[in-house]
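Asker: Note that the protein sequences, when read in sequence, are chains B and L. Following this note's numbering from start to finish, the first sequence increments by one per residue and tops out at 458. Following this note's numbering from start to finish, the second sequence increments by one per residue and tops out at 345.
For the record, the hints were derived by calculation from the structure and aren't laboratory data. Among the clues, some could well be false.
[Said to hold, decoys possible] The following residues of chain B were derived to be distant from chain L, with all beta-carbon distances above 12 Å: (1) Asn-79; (2) Gly-99; (3) Arg-119; (4) Ala-154; (5) Arg-166; (6) Ser-202; (7) Gln-400; (8) Leu-413.
[As the list claims (entries may be wrong)] Here are the simulated lysine-lysine pairs, DSSO-like style, with alpha carbons at most 27 Å apart: (9) L:Lys-337 - B:Lys-121; (10) B:Lys-432 - L:Lys-203; (11) L:Lys-110 - B:Lys-434; (12) B:Lys-311 - B:Lys-56; (13) B:Lys-52 - L:Lys-197; (14) B:Lys-431 - B:Lys-277; (15) L:Lys-197 - B:Lys-432; (16) L:Lys-110 - B:Lys-52; (17) B:Lys-434 - B:Lys-45; (18) B:Lys-434 - L:Lys-118; (19) L:Lys-337 - L:Lys-257; (20) B:Lys-52 - B:Lys-121; (21) B:Lys-56 - L:Lys-118; (22) B:Lys-210 - L:Lys-43; (23) L:Lys-118 - B:Lys-431; (24) B:Lys-218 - B:Lys-347; (25) B:Lys-56 - L:Lys-337; (26) B:Lys-434 - B:Lys-353; (27) L:Lys-261 - L:Lys-203; (28) B:Lys-56 - B:Lys-121; (29) B:Lys-248 - B:Lys-52; (30) B:Lys-41 - B:Lys-347; (31) B:Lys-286 - B:Lys-56; (32) L:Lys-197 - L:Lys-257; (33) B:Lys-222 - B:Lys-311; (34) L:Lys-43 - L:Lys-232; (35) B:Lys-431 - L:Lys-110; (36) L:Lys-110 - B:Lys-56; (37) L:Lys-197 - L:Lys-42; (38) B:Lys-210 - B:Lys-350; (39) B:Lys-121 - B:Lys-43; (40) B:Lys-45 - L:Lys-110.
Glycine is no exception: its CB is placed at the ideal position from the N, C-alpha and C atoms.
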Amino acid sequence: MDTEILARIQFAFTIAFHYIYPPLSIGLGLLMVIFEGLYIKTKIKDYHTLAKFWTKIFALTFGIGVVTGIVMEFEFGTNWATYSRYVGDVFGSALAAEGIFAFALESGFLGVLLFGWNRVKPWVHFVATVGVFLGSMFSAVWIVVANSWQQTPAGYHIVGEGLNARAEITDFWAMVFNPSSVDRLLHVWLGAFLAGAFLVLSVHAYYILKGRFIIISKKAFKIALTVATIFSLAQLFAGHKSAEGVAKNQPAKLAALEGHFDANAPADMYVMGWVDKKNKSVTGLKIPGGLSFLLHYDFEAPVQGLNDFPKDEIPSQINAVFQFYHIMVAIGIALIILTVYASIQWKRRKLFKQRWLLWAFVFAVFLPQIANQVGWFAAEMGRQPWVVYGHLRTSEAFSQAVTDNQILFSLILFLFVYSLLLILFLYLLNKKIKHGPYDDSEEDDRPLTKEISEAITG
Amino acid sequence: METFLGLDYPTWWFLVVGGLFSGYAILDGFDFGAGAWHLFFKKELSRRIALNAVGPVWDGNEVWLVIGGGALFAGFPIMYATFFSSLYIPFMLFLMFIIFRAIAIEFRSKEEMIWWRKLWDICYSISSIMLAFLLGVVLGNVLQGIAIGENFEYTGGPFLEFLNPYALMTGITTLSLFMSHGAIYLLLKTEGRLYTKLTFLLKKGMIFFMVSFGITTLYTLLYIPHLSDEFKSNPLLFFVPVLVFLSIANVPRLASKRKFKRAFFFSSLTIALLLVLVSIELYPDLLMSSIDPKYTITIYNAAASTKSLKIMLTIVAIGAPLVLGYTAFVYRTFRGKVTLDETSY
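Same shape as in the complex, but just chain L (with noise of 0.2 Å):
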């Protein structure tokens, strides 16, 4: 197979997808988990506060989906037609969600109502809490293994599959992962009552995800021996669940000095961490069969032809500083703690 320094053309790609979902989980995380938080916030300045925290750049941060969802359906169409069209609820359940929040978003500040912003505030918490536990559920789904039968077909129940408990304890883990990171960054936006009810809410997000992680870690060593399988084959790949961890362990740390800044640093690397750990587990598969390992979708067979990555690689390589450019310039022009003007939501 061809390769580019030293690398066969899917493994890049993977690569690029990898890095296309940790952005969109550091990005969209924090603001999910800002808006999970959201109804804990009693006062109707603290609730526009936060929600002007996020509202220059959830949009921004969306995009990170989009391309993901894109990269995968270009560089891997086999896994993004069976992956989607397994998981149809949770994900139609995904989509109708983000509906939910981007018009609670978009809409609560349009009329002074006080149960019409309460009725978007609702929404919007509710669609952040629901998108963060879909996107771990998914998750988990995927780390399992899902019925894949012939011809790369789903052949497992439509509806409440999904739903088992390993999925479940990744779901909670994941929201309660975005939910510290939210409150770090809605820390790093606001001053004064909200920043000292932020500091309470931080302790106890953090201890939320360190249960959380931790059951979940334990059910994984126990239940689902085949993901740390490559970790026992290669002793020096154990690096990574220890920088977790080192990682993990900072935010805390940070968080007590009140750097938050830097917290929120380890608070985004801990999430593309964990990607790196899913992915080392995963690799080279990206979607396992629970009905027979000869079904499993992997890169390779379920790669585009390495012309097709090749052009997308350039597209990438094109692109992706302008991302970043983009991405960069907005966050500057909306950098520091927030303020309320006439242009606020």
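One chain only, chain B, in its complex shape (with noise of 0.2 Å):
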């Protein structure tokens, strides 16, 4: 195989591995500052036990997310280094304040949170969870950022040409703030938050339905229900930003996105759908003119379509990017649906007794996750053929001193050691689940009768 295509394979896969785990440590991050916060505040001790249980699950997401991070970061030497001769004025100072300002942040904290619990005074353990949630917060900035520059460049110009061409900063802030950076961001974020809540619903419906922990669990639920309905309404109108930010930014990738190839005419909204790109057509079930109404609130305006760029400016897997795409909008509206349906039945004193409701929790917790993966996948592929967007493309940004040969040999080892990573990170965290949320030392001795049943339900 030829060396572009094994060094884009192996990027891929080393990124979509890597980003299962960050997001879970955000999310979760989120969840036991507010655990361990309620437990500062109103000393009940459940709180306590959900704060600990949940840190020792974290500890395992952030493990492998660390050192799956830092394949990430050599890797653009390794494999891209036409890239990182192009980009490292501008991308490198973005890659240099992660490390510095997020990661110090949250793994010089990350020996407190897991090892200072009997160490430190509870408020100094607090600030230590606060202070690796923000700094895993600031990572997704920083990272967001670079990567954000590759879709919608600024605060640069080109120096040089041909081989010798790159970008140099001019303008920092421009660079941090370009375009697409804040609503990506958002994106981002909420879509953490998301992973994260719907790990702990998942799990904690679990041990109600199996009539474990029942107390503590159905406290966890109902702060992760509020938690995941709040946040999967507002990624409606993150997600909603960030498509018109990529209309006006990257309308190749836009038109992609919706399979809209007519030059300039009002364009469709696909609900589901099947792209034929031979005869440049997509066939499914459509709300006509709904993508003209949603960017411009007019059901005629023009949108520009695949037709108007030329062939080499437009990603080559267009129904890749499509389904991708339709795959996370479809995953984000069930999330709506299912955490406001929930919400209700909460409000209604019925959340609880609903066991199919729980089991859908129990079985969400993917949700989240794929479309997190979509979506990620159709931000960059949608991007194609550019590596950065309008300058560099792909094609011409992988290393030229390494060889097919060492690609693969590297490829082999990463698959072979990324599937022990998944296949002990699922056994351990299966192991966590089944031993629940107490210590051995000591057990939820509470008699659970009607009452008190009764009581938390409410």
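Grab the two chains, each in its own frame, and use the hints to assemble them into the complex.
Answerer: Following this line, the structure appears as structure tokens:
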């Protein structure tokens, strides 16, 4: 296979695997801050137990997030040397800022978070928890800024020509606040909060269904449900803002997301569909003029289509981009329906009486993860053939000095190591969940009478 | 070229990157070293104590690698690109071992079974050894120079090229240096039987280091003369190697008096001074071309724009005190001898 394809497969594989974990860390971090904050405020021991339990699971996700993240940082140099030379002046400062402002904060306090329960005062421990959470949020800031700059470059000029051309920074804040940074960051943060909240929902719904740790699980479930409801609704707006940004800054990508071919014509919005690239058409369920309306509040407004662009400046995998995008949107809607419905049932005091609903939450844990993955795929594949939009093609960006055999060798190593990592992660996660939130020394010995149960349900 | 306090910006950034890599070598150096000794501890209790000595800090130590890598990318993009794509195989192996080591530390304590713990002990120790060794191998290749051709592209062999005799020597020397350094760290964190055992191991470690360091130095002087040019042309600089030897000599002296805190300080200083020595030998080159000096990567032809370097120096000026603050806080929280409790590995 040729070097470019192998380098792309390797990058896609390593980043997709990496992207399972940091969103979980950010989302669980938020829940840990809430649990521990409630404990500090109320002194109710259940919140302490929850904070401790979720910290242990957080440690698993964080550890894997860190090591797979180190791989990403060096993969730019190993596999994408031409790209690194081109963007280093701009992209590098964001990456360096990530390391020094964010990663140092989270990893520094992680030791205290994990081992400090009995060593430091409760409020110092809480500060460490907040530190780790903020660190993970800041990490997302700089990584999304770096990626957004590739999507919508700003604050730079190009110097040199041909092989020596490279981007040089002219305005740091314009680079940081490039046209897509803020929209995309909100979108990514919310996706991360949902990934974390839904893991908490899933585990505690499972406990309730199995009749284990019921009192504490109901408390945790309600907190996580509140978080999930607020942020799944917020995601609708963040997602919409993102799409508007794409329409403005990356029109070819937007056209690919909706499979819109006609040049400057009103565009439909598909609920689902299949893109026939050859015949330049989409078959599926659509809202005529829906996309035009969403972007311009007018069903007739023209939207640039793929035919507006030269053939070599549009993504080659249009159907894949379309499908990934639509799966993400569908999941977003499903999460809203699920959380809002559950919240209404909670208001009506019927939340924990519907077993099917709890089972739905047990399995819903996969939905935000899938949405995060396919959303990222749509964003990255939709940007093709550019690695830096409008400037550097992906086909020109990989390392000239690296041979296909070297990449194949490392790809096989990664496949092996990451599979092992995933198996271990799932095994240990399962074990921790089976063990439950209590330490061996303590037990939840409260009798679960009907009254207590009712009181908590209410 | 624009300067700040008499030094040009690429030189400032060279100092920053050098400082970060020194910090990284000192910090991850001791936990790699501690890991390298791991299989020498036979008892389960000793292994747990040794692991808990690095448990709360190893992750924070690796932050320095991430920041150093970012700093190299940002400050010297051309160096970053050529360096990592040329030494592709050693760096990929490095990444694999860093993953293996992290999961070994994280997962060892999660099961009681003896075979499970033994397996992760072996994993932890071997990856620690390999990581220390690979860092040295990379350093050896940088010191000798590699086959860089036009457009800063590497033209040498892809797989085994980097395992040349000199690189093997520097690899072994680095391993032995980190092992001594790690043994001193463990001595600070342990007591009783393990402590006594470590005093013996430290002696062996230091002999191992002295011998390999001696051979490497001799090899460098005899076969890689360009590395001592700087010293020959500027005899004043000879105080640096003198300092290195004094610092090295101090370690066994203090260790024999059981003043391990000071010995650890001098062991850290030794690592820093050795890197200063390397920096003086290289400066202003970053990566020498073994094909033709005109292809050599220097801090000037690899540097980011002055604008970018200024921005990043500001970032570092704000960020570095914060990082040092967290580091101090964590080490303070976990100061003193290791005690095992429910949160231990």
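Asker: The structure should be examined with respect to each hint, and the outcome stated for every one.
Answerer: Hint check:
1. Taking the minimum C-beta to C-beta distance to chain L, about 7 Å, the non-interface status of B:Asn-79 is violated against the 12 Å cut.
2. Not every beta carbon of chain L lies more than 12 Å from that of B:Gly-99, the smallest distance being close to 4 Å; the non-interface claim is violated.
3. Look at B:Arg-119: its CB is around 6 Å from the nearest CB on chain L, not clear of 12 Å, so calling it non-interface is violated.
4. Distance check for B:Ala-154 against chain L: the nearest CB is about 15 Å away, which clears 12 Å, and the non-interface claim stands.
5. At roughly 8 Å from the closest C-beta of chain L, the C-beta of B:Arg-166 falls inside 12 Å, breaking its exclusion from the interface.
6. No Cβ of chain L approaches the Cβ of B:Ser-202 within 12 Å, the least distance being about 21 Å, so the stated non-interface status holds.
7. A beta-carbon of chain L is positioned within 12 Å of the beta-carbon of B:Gln-400; the least distance is around 5 Å.
8. Here B:Leu-413 does not stay apart from chain L, with its beta-carbon only about 6 Å from theirs, under the 12 Å limit.
9. The straight-line distance between the Cα atoms of L:Lys-337 and B:Lys-121 is roughly 20 Å, inside the 27 Å bound, and the hint therefore holds.
10. Among the hinted pairs, B:Lys-432 with L:Lys-203 is inconsistent with the structure: their alpha-carbon atoms are about 42 Å apart, more than 27 Å.
11. Between L:Lys-110 and B:Lys-434, the direct Cα distance comes to roughly 13 Å. Compliance with the 27 Å bound is thereby established for this hinted pair.
12. Distance hint between B:Lys-311 and B:Lys-56 is unfulfilled; the C-alpha atoms sit about 51 Å from each other, more than 27 Å.
13. For the hint linking B:Lys-52 to L:Lys-197, the alpha-carbon distance of about 36 Å lies beyond 27 Å, and the restraint is violated.
14. Taken as a hint, the B:Lys-431 and B:Lys-277 pair is broken in the structure, with Cα atoms around 47 Å apart against an allowance of 27 Å.
15. Only pairs whose Cα atoms come within 27 Å are accepted, and L:Lys-197 paired with B:Lys-432 is rejected, the gap being roughly 36 Å.
16. In summary, the hint linking L:Lys-110 to B:Lys-52 is supported, as the alpha carbons are separated by about 16 Å, within the 27 Å threshold.
17. With a CA separation close to 21 Å, the supplied pair B:Lys-434 and B:Lys-45 stays within the 27 Å bound.
18. At roughly 25 Å between alpha-carbon atoms, B:Lys-434 and L:Lys-118 fall within 27 Å of each other, so this suggested pair holds.
19. The straight-line distance between the Cα atoms of L:Lys-337 and L:Lys-257 is roughly 19 Å, inside the 27 Å bound, and the hint therefore holds.
20. For the given pair, B:Lys-52 sits about 15 Å from B:Lys-121 by alpha-carbon distance, which is consistent with the 27 Å threshold.
21. Taking the CA atoms of B:Lys-56 and L:Lys-118, the gap is about 23 Å. The hint holds against a cut of 27 Å.
22. Between B:Lys-210 and L:Lys-43, the direct Cα distance comes to roughly 41 Å. Violation of the 27 Å bound is thereby established for this hinted pair.
23. Distance restraint check for L:Lys-118 and B:Lys-431: the Cα-Cα separation of roughly 20 Å lies within the 27 Å cut-off, and the hinted pair is therefore satisfied.
24. Distance hint between B:Lys-218 and B:Lys-347 is fulfilled; the C-alpha atoms sit about 14 Å from each other, no more than 27 Å.
25. Taking the CA atoms of B:Lys-56 and L:Lys-337, the gap is near 24 Å; set against the 27 Å cutoff, the hint holds.
26. With a C-alpha separation of about 23 Å, the suggested pair B:Lys-434 and B:Lys-353 falls inside the 27 Å cut-off, and the hint holds.
27. Taking the CA atoms of L:Lys-261 and L:Lys-203, the gap is near 16 Å; set against the 27 Å cutoff, the hint holds.
28. At most 27 Å may separate the alpha-carbon atoms for a hinted pair to count; B:Lys-56 and B:Lys-121 meet this at roughly 19 Å.
29. For the suggested pair B:Lys-248 and B:Lys-52, the alpha carbons sit about 45 Å apart, so the restraint of at most 27 Å is broken.
30. Distance hint between B:Lys-41 and B:Lys-347 is fulfilled; the C-alpha atoms sit about 25 Å from each other, no more than 27 Å.
31. Distance hint between B:Lys-286 and B:Lys-56 is unfulfilled; the C-alpha atoms sit about 46 Å from each other, more than 27 Å.
32. Distance restraint check for L:Lys-197 and L:Lys-257: the Cα-Cα separation of roughly 16 Å lies within the 27 Å cut-off, and the hinted pair is therefore satisfied.
33. The suggested pairing of B:Lys-222 with B:Lys-311 is violated, with an alpha-carbon distance near 51 Å, which exceeds 27 Å.
34. Straight-line distance between C-alpha atoms of L:Lys-43 and L:Lys-232 comes to about 51 Å, which puts the hinted pair past the 27 Å bound.
35. Simply put, B:Lys-431 and L:Lys-110 have alpha-carbon atoms about 9 Å apart, close enough for the 27 Å limit, and the pair holds.
36. Using a Cα cut-off of 27 Å, the hinted pair L:Lys-110 and B:Lys-56 holds, with the two alpha carbons roughly 11 Å apart.
37. Restraint check for L:Lys-197 and L:Lys-42: satisfied, since their Cα atoms lie roughly 11 Å apart, inside the 27 Å limit.
38. Under the criterion of a C-alpha separation no larger than 27 Å, the hint pairing B:Lys-210 with B:Lys-350 is consistent with the structure, at around 18 Å.
39. Proposed proximity of B:Lys-121 and B:Lys-43 is supported: the alpha carbons are some 14 Å apart, at most 27 Å.
40. For the given pair, B:Lys-45 sits about 25 Å from L:Lys-110 by alpha-carbon distance, which is consistent with the 27 Å threshold.
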